[in-house]
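Residue numbers (numbering that gives the first Met the number 0), protein chains in the order written: chain A, 0 to 227; chain B, 0 to 264.
To be clear, the hints were calculated from the coordinates, so they are not data collected in a lab. Certain hints may be false.
Said to hold, decoys possible - Short, incomplete list of chain B residues facing chain A, as computed with Cβ under 7 Å:
#1 S21
#2 V35
#3 T38
#4 I49
#5 P70
#6 F77
#7 S187
#8 F215
#9 Y222
Unchecked claim - Pulled from the structure, derived: some chain A residues nowhere near chain B, Cβ distances all over 12 Å:
#10 S4
#11 S136
#12 E196
Yeah, the Cβ is synthetic: ideal placement off N, Cα and C, and Gly gets one too.
Here is how the chains run, residue by residue.
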Amino acid sequence: MPDFSVIIDNLPYFLWGRAFDGEPGGLLLTLIMALEAGVLSLILGVLMALAAWLFGGWTRRILFAWADFIRGIPLIFVIFWLYFLIPALFRTDLPDTLTVVLALAWFTSAAVMYSTLAGIEALSRGQEEAGVSAGFSRLEVLLYVLLPQAVPNILPSLAGVLISLIKDTSLAFIVNVPELTTVAGQVNNRTQIYATEIFIFTGAVYFVLCGLISLSAQYYQKRTQPAG
Amino acid sequence: MNGIALDFAGVLTGLPGKWLLSGFLMTIYVTIAGSVLATILAVLLLGLRIAPSAPVRFVGIAIIEVFRNTPILVQFLFWYFAAFSLLPSSVRIFISTDHAWAVLPVNNLILSPEFLSAAWGLGLFTAAFLAEELRAGLNAMPRGQREAAISQGFGHWATLRLVLLPQALANSWQPLVTQYLNLMKLSSLASAISLAELTYQVRNIESYNAHTFEAFAVGTALYLLLGLVLGQILTRLGPRPHTNRPARPTPSEAAAKVVGASSDA
Numbered sequence: 000m001p002d003f004s005v006i007i008d009n010l011p012y013f014l015w016g017r018a019f020d021g022e023p024g025g026l027l028l029t030l031i032m033a034l035e036a037g038v039l040s041l042i043l044g045v046l047m048a049l050a051a052w053l054f055g056g057w058t059r060r061i062l063f064a065w066a067d068f069i070r071g072i073p074l075i076f077v078i079f080w081l082y083f084l085i086p087a088l089f090r091t092d093l094p095d096t097l098t099v100v101l102a103l104a105w106f107t108s109a110a111v112m113y114s115t116l117a118g119i120e121a122l123s124r125g126q127e128e129a130g131v132s133a134g135f136s137r138l139e140v141l142l143y144v145l146l147p148q149a150v151p152n153i154l155p156s157l158a159g160v161l162i163s164l165i166k167d168t169s170l171a172f173i174v175n176v177p178e179l180t181t182v183a184g185q186v187n188n189r190t191q192i193y194a195t196e197i198f199i200f201t202g203a204v205y206f207v208l209c210g211l212i213s214l215s216a217q218y219y220q221k222r223t224q225p226a227g
Numbered sequence: 000m001n002g003i004a005l006d007f008a009g010v011l012t013g014l015p016g017k018w019l020l021s022g023f024l025m026t027i028y029v030t031i032a033g034s035v036l037a038t039i040l041a042v043l044l045l046g047l048r049i050a051p052s053a054p055v056r057f058v059g060i061a062i063i064e065v066f067r068n069t070p071i072l073v074q075f076l077f078w079y080f081a082a083f084s085l086l087p088s089s090v091r092i093f094i095s096t097d098h099a100w101a102v103l104p105v106n107n108l109i110l111s112p113e114f115l116s117a118a119w120g121l122g123l124f125t126a127a128f129l130a131e132e133l134r135a136g137l138n139a140m141p142r143g144q145r146e147a148a149i150s151q152g153f154g155h156w157a158t159l160r161l162v163l164l165p166q167a168l169a170n171s172w173q174p175l176v177t178q179y180l181n182l183m184k185l186s187s188l189a190s191a192i193s194l195a196e197l198t199y200q201v202r203n204i205e206s207y208n209a210h211t212f213e214a215f216a217v218g219t220a221l222y223l224l225l226g227l228v229l230g231q232i233l234t235r236l237g238p239r240p241h242t243n244r245p246a247r248p249t250p251s252e253a254a255a256k257v258v259g260a261s262s263d264a
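Start from the sequences and build out the full structure, keeping to the hints where you can.
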């Protein structure tokens, strides 16, 4: 029979690690990492999308090649590369958590770029033409006419990107950053016989987290597009 | 960089070279095994997901959502540390014993807890995404297709198998290929349960002779190469899209599809 007392006994460790000693861990660290990487990748991804739309041509081709390269290799290699490149290039080590956050942001920005660009380009061309003929520059058209209209279409796909990002934070396990999956592995190594309980609980936490985001995105879509 | 001379011979020859080749082949084996499993399981999950009976549909939704919304790394850990130990001991002993017939070149054991957990984990995770892509392809079809078939006397399953699925497959082939490519890339995480695939061997070299840059570069190139080749093969094998395609999706439908495509880790 499953014995979930191992979860109850270690619950604070699963939820926030050693947060009171200044070292957040577990679920709390998962959320912090996802939030940091999410904000960074949103900024980076939207900027790349804007650049690709504004300049087109080679800028767009290079950005796409860059994004395809990042999406073409396993995320774990993006993390490895940053671990290797940051000390080699800047002669300084970053904290492990920050390195992983940067790798996640780098990787995720490619998906944000695709979603944003798709949202902008799904609008009818008449929007752009109307803006330009009203005397706006292309940058102004993009920022004041296209982007605001694209946001409702982009938000659901960004919810998908956020779900991926939360699941991707689990890769910190491989470099031993103590977020939820790593903490689960540690408790499993220590207790040995409760693997079933530990990994079902861990999976359930991610499931609830990702499920809530997915449900809110569906609710938002239904509310904004009743006719759809 | 920083005066370090690149030495690719240090990773491509001798012991490291052998490891890389072995790891690369293992990545291919586990990708093939995982893809076959994923395809079979996807058909089963799709059958549950669109069954006429509501409770059966609910079971389909539950399985698909659980496997889509948890990290594959946690799934690997579950299959490897938890589920494997729940098997009957005779089965575990059989799997853990060395069998000469289960060794593929180069020295890759494919009847091991690591390989089975990885292939099964990749298969089930990917199947959940494949089933949803297929369902999206089915939903994108005009209702008339189904009604025409029913009015011709086809039953539920016959309509599905003979009329709807072939078209859905053709229309959603590209997103399906993306899922198989994801499976290949996600196999890198099986290194966390000690499957000796490419990522595992790259890290092996890193600790063996510290040729970190070269090992990462070769690993990166091999994953890119495998992705390109696999993508080409699957695209060519795939059915051609039908000419009577459904109308272009509206932006909100297109966005909804992107939500379903979040299949990383």
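Here is what the structure says about each hint:
{"no.": "1", "hint": "S21", "verdict": "violated (18 Å)"}
{"no.": "2", "hint": "V35", "verdict": "violated (21 Å)"}
{"no.": "3", "hint": "T38", "verdict": "violated (21 Å)"}
{"no.": "4", "hint": "I49", "verdict": "violated (19 Å)"}
{"no.": "5", "hint": "P70", "verdict": "holds (4 Å)"}
{"no.": "6", "hint": "F77", "verdict": "holds (4 Å)"}
{"no.": "7", "hint": "S187", "verdict": "holds (4 Å)"}
{"no.": "8", "hint": "F215", "verdict": "holds (6 Å)"}
{"no.": "9", "hint": "Y222", "verdict": "holds (5 Å)"}
{"no.": "10", "hint": "S4", "verdict": "holds (16 Å)"}
{"no.": "11", "hint": "S136", "verdict": "holds (25 Å)"}
{"no.": "12", "hint": "E196", "verdict": "violated (8 Å)"}
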